[in-house]
Every structure is written in C-alpha cells, then in structure tokens.
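Colleague: The lines below spell out each chain.
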Amino acid sequence: MSQNSARAPSARTEVLGDGSTLVVVAGDWTIHDSLPTIAFKGDKVKLRADDLGSFDSSLPAWIYVHFKNVRQCDLSALPPRLQALVEMAEKATLSAGPNAPTSVLENFGTWGIDSTHSWARAFDHIGQTAVGFARTCLGRARVNWSDFTLQLQTAGVDALPIVALLGFLTGLIMAYVGLIQLRQVGATVYVANLVSLAMTREMGALMTGVIACGRTSTSFASQLGSMNVSQETDALRSLGINPVEYLAVPRILAVTLMVPLLAIFATFVGIFGGMIVACAGDLSIEQYLTQAILAIKFKSFLVGFIKSIAFGFIAAWAGCYRGSVAQRSALGVGDAATSAAVLGITLIVIADALFAVIFNLYDF
Amino acid sequence: MTAVAPVLLCEDLVVGHAGHPVMSGVNIRLSAGKILAIVGPSGCGKSTLMRVIGGLDEPMAGRSALLGTDLTTATALEREKVLRRSGFLFQGSALFSSLTLRENVELPMREFLPLPPHEVAQLAEYKLALVGLADAMDKLPSEISGGMAKRAGIARALALDPSVMFLDEPSAGLDPVTSGKLDELVLKIKESFGTTIILVSHEVPSILRIADFCVYLDSDTGTMGAYAPPKDFLSPTAYAKAHAFFTLARIS
Ligand SMILES: Nc1ncnc2c1ncn2[C@@H]1O[C@H](COP(=O)(O)OP(=O)(O)O)[C@@H](O)[C@H]1O
Ligand SMILES: [Mg+2]
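Listed in order, the protein sequences are those of chains S and F.
The first sequence begins at 560 in the working numbering and counts up by one.
The second sequence begins at 74 in the working numbering and counts up by one.
Hints listed in this document are in silico derivations from the structure and should not be mistaken for laboratory results.
The beta carbon of each residue, even a glycine, is placed where N, CA and C say it ideally should be.
Keep in mind that the hints are not guaranteed to be accurate.
[Unchecked claim] Here are the simulated DSS-like pairs of lysine-lysine, each with C-alpha atoms no more than 30 Å apart in a straight line: (1) K650/S / K627/S; (2) K314/F / K304/F; (3) K314/F / K627/S; (4) K304/F / K254/F; (5) K650/S / K605/S; (6) K314/F / K650/S.
[Stated by the list, open to error] Non-contacting residues of chain F with respect to chain S, defined by C-beta distances greater than 12 Å in every case (computed): (7) G141; (8) A167; (9) A311.
[As the list claims (entries may be wrong)] Computed footprint of chain S on chain F; a stretch qualifies when at least three of its residues, placed anywhere within it, have a C-beta under 8 Å from a C-beta of chain S: (10) 159-165; (11) 169-181.
Please model the entire structure based on the sequences and the hints provided.
Modeller: Printed below as a string of structure tokens:
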C-alpha cells in the first residue's frame, strides 16, 4: 500500500459483545496534526490498527495518555513497533510510583500546613540567628569575617550615593508640601521644624531601611539562595560549619551597623534638601538652621537611631532568611529575592508602627 | 554489642523527602576501614540515603549511627562534631563558587586547625596534588571541568583527614584513565589513613576492585534489596536484581 498524500489521523470506538471496547486507529499520525478525541467506558480495551499509514511519537503518546489507567489494555493487534513504543512508556512509569490527584480540599489543607510551616521556619531561623549572635559574642561561633568587611563596603559605603539622593529629595518634598500649608497661616519659619523633626524621627530611618531592603535584602537572598542551589550550604554543614553563623551572622551584623550610620547621613542630607526649598524664597539660611537646631531634641535623634538599628537588622535578616529557604532552582532564587524585599519592607513598616505606639506610650 | 563499635549502623532506616518515603528497610553495619559501595538505578534514593547516613538530613524512621553517635537523638553540637570527622563529596561537587580550589580546600582547615596560613596552604597544596589538581589550584570552580570539580570536591572532603568519607558518584563523568586513578586514590586513602569510605557508584569493575561491601537499593520495591560483598552479586544465586545489575553493567 503506497500513499503519497497524508490522511487525517482518526480513531473510532466499538463496544464488543463481552462488554469491552474496541478502539481502531487509522490514517497518518504526526505531531503537527491535532489528534482525534474519543469517549469510552469500561476497564477493558482492545486496540487495533486498520489502514494505518505513517506515525511518529504522536500515536504512541495518544495511546499511552488515553489508556494508561485502563486495567486491561490489549495491544497485541497493533504493529509490533507501535506496541513496543507504548509498552516502553508504561514500564518506565510503573517504577516511578503513582501520582495521586489531589482534591481542592486537600490543596487547601496543604496550603494551610505550608503557611504555618513557613512561619515555623521563620521563627526557627530567628532562633538560630539569635543563638548564632550569642555564640559569636562568646567567641564560639565560626563567622566568615571577610564577608563582614565586604558587606560593610557593599551594603554600607556603596549605598551612600542612593541614600544621599533619596534623602535629599525626601527633605525637599516635605519642605515644599509644608510651605504650601504654612504660608496660609504665615508661619513659614516652622518649615524648618517640620523637615528636621520628620527626617530625624521618621524619614531618615525609614528611607534608609527601605533602600536596604531593595539593595541588600535582595542581594543576600540571591547570594544565599544560589548557594542553596549549588549545595554550597550543605557543603558547609558537611564540614561541621553552621551556615547561619558562617553566612548570616556577618551579613546581619554588617548591615545592622551600617544602616544607622546611613540613616544619620540621610537625615542631614534631608534637612539640607529642605533648606534649599525653604531658602529659595521664604527663609534665610540662618533662620532655617536656628529653627532646625531648636527643633531637634536629643530624644528625637535617639528615636531615629533606635529605629534604624531595628530596620537594618530586619532588612538583613529578611534577605538571609528568604535565601536560606529558597527552592533549588533558578526560579526559586528569583522568588527568594522578590519575597525578601517584600518581607523586609512589610516588617519595617509594621515595626515603625509599633515604634510609634511604644514611643507615644512612653511620651518619647 | 561487639567490642568495636561500627562506624556506620543503620537499623530499619527509612529515608525520603517531604513526608514521602523513598527507601525503607535499610540495615547496614559497617566496621572501620572498609569500603561500602551503594548501587541502584538512578532516582532510587542513593543520594537521599547518603545525606541521612552522613548526618545532613533527618531520617523518616529507624535509627542511624555514625562514628558511634546516634544521629537520630544527637544534639546539634554533637552532630557538628561528627560531621567534622567526616568528609562529604556531593553529586554536584558543591564547591564554593566564589573561592579558588585552593581556598575551597583551605576553608575547613582555616576554621578548625590551629595552624598559621602558610602551613594551611602547604596542606591544601598536598591534598590538591593527591587528586591531580596541582596545576589548577588557583582556578575558580567556574573555570574547570566537571571531572576536575569532582576531584577538587574530594580534596576538600579530605581536608581534615576524616575518619569516614561519603563520595556521591565520584567517578561519574570521568574518563576511564582518571577514574582508574581515582580508584587507586580511594584504596590508598583507605589503606594509609584507615578511612572508612562509603560511595555511590555505577561502575561495576571499579566496585569489584575496591569495595568490601555493597548495598543494592531496589527502586521497584523501595527497599534495600541486598547487602553483601560485591563478589557475591556475581553468582546467579544472589539477589536477582542486584545480580542482573552487576552482570549487565559488566558487559557494557
Ligand atoms: N529535594 C528533593 N525534594 C523532593 N524529592 C526529592 C528531592 N531530591 C530527590 N528527590 C526524589 O527522591 C528520589 C531519590 O532521589 P535521589 O536520592 O537523588 O536518587 P539517586 O541519587 O539514587 O539517583 C527521586 O525520586 C527524587 O525525585
Ligand atoms: Mg544521586
């Protein structure tokens, strides 16, 4: 039988006398054609090929997918080459074990367990970090101090330009908005109080914390995440080195030290930014500075400083935590970086709100 | 209890991932200075088992003791102590990608040996020369081939003169000459340092040559099929699947 023009692949079913289904395939089967659909019932199927032309992997794939769950599937009437291709797939599947479908309820339950699991892991990681710090203070931990100095540079010094820019603009914006309101009551001189107080207590620390989340948390998450992928973390453990102490402690320590310094810097740059706007028309430089110095109390300074320490810790910890639980894939590392930034910023804003309540309570 | 505690003792061990058992019924008793080969089809759980008996992962059930420490009940500190006395070569080598080969080998030495840097450097140089990488010491892991990475991983596992070594497919991807040299190295380590070595391998000739015992993991049943000296698997009376694995692999 020689055929030059291809015929469409087809399949028809027939119910036999003994209740089993006969499936007859015919035509030319290629992966470029869409395949026929069939409906059948029952646990017994017999396959036959009538007038079957050429076929590639599409036909064995179609047979495999349709009949793999049928208890009795008789392939003996098929051409031996086709039969062998189907059986090969079936045999290989057997040893891999069944993959039971999950119900909606089950998925929901798994999600519930997973999310509590991730909280448990987060608290576990916080605990390990705390123990790591305690052991470092006692001089018992193995800490990678070269990572510490490297991070002082990359998470601290290298962040100066962006912190300067954003701090400056923050001060500038606040002064601008403040002036619009204060002009109406003729109290423009208080713009200095507004800007300096807001920068010291609030914005200096907050802006720096958010920048640290964008720059440092993501970088830590991808560093530790890719070390997870290449099993470098496991290699550390296999050498008897605790990865939290070795990798996370120096990073968190460096960032917790650098963020407060950056925040102080941002504060001053922000006050300077406010001055540019205020002195462009309404105030003299002298007036602005006198008013600013009067407004900043040591207490406000301390508030900003304490906050920035906490924000630095949160940003660094979020990065290390998300990195250490990253899935072992390129996608997993990307997800870790994203979720580190989200987690860091969320925790920083929550912490800021808590600080506001606490400082208010103690009249600070 | 025998007079000498076994280096590795597994009793009804079950290992798996995320609540799904992969391999169960693992019973092994291995005394010091022996070489144990773990064989089985790919995906049957060899690496998973190695990680558990090597103290990196928790077993799902059963008991596993390494160097006399019960890993199922050990505290984190006890576990770290045992890990420090063992060396691990991962299937993917797992070299520290930001460090040169020399620094990779030096890292555990710097952390745990009370030696000045130049002495650590000498030790690292020797370990790298042992695995034939004296010329590549200052290369980064990204600059070497997979086979070289495997050998560098062995050098790092050797760094602290471990009492027991775990080698996950050390000879996979190596040419026959290098792989033959690796067999010799493994034998030499065992003979001169008395190191117990547990390795995963697919190369039957090499297993027959170096291993004292062999574990066959059966992927169809998900259990340990057999535990015997490798020569026993050559006789037709042996565990059928292990025998088939050995004879098939020997022909090819
Ligand atoms: N991280 C993991 N999470 C879930 N399942 C895994 C993981 N690693 C391996 N597995 C599964 O465990 C089984 C055994 O894997 P493995 O121990 O790597 O096999 P082998 O080393 O014998 O080739 C495989 O079926 C694999 O799919
Ligand atoms: Mg493996």
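Colleague: What hint numbers does the structure not satisfy?
Modeller: Of the numbered hints, just 8 does not hold.
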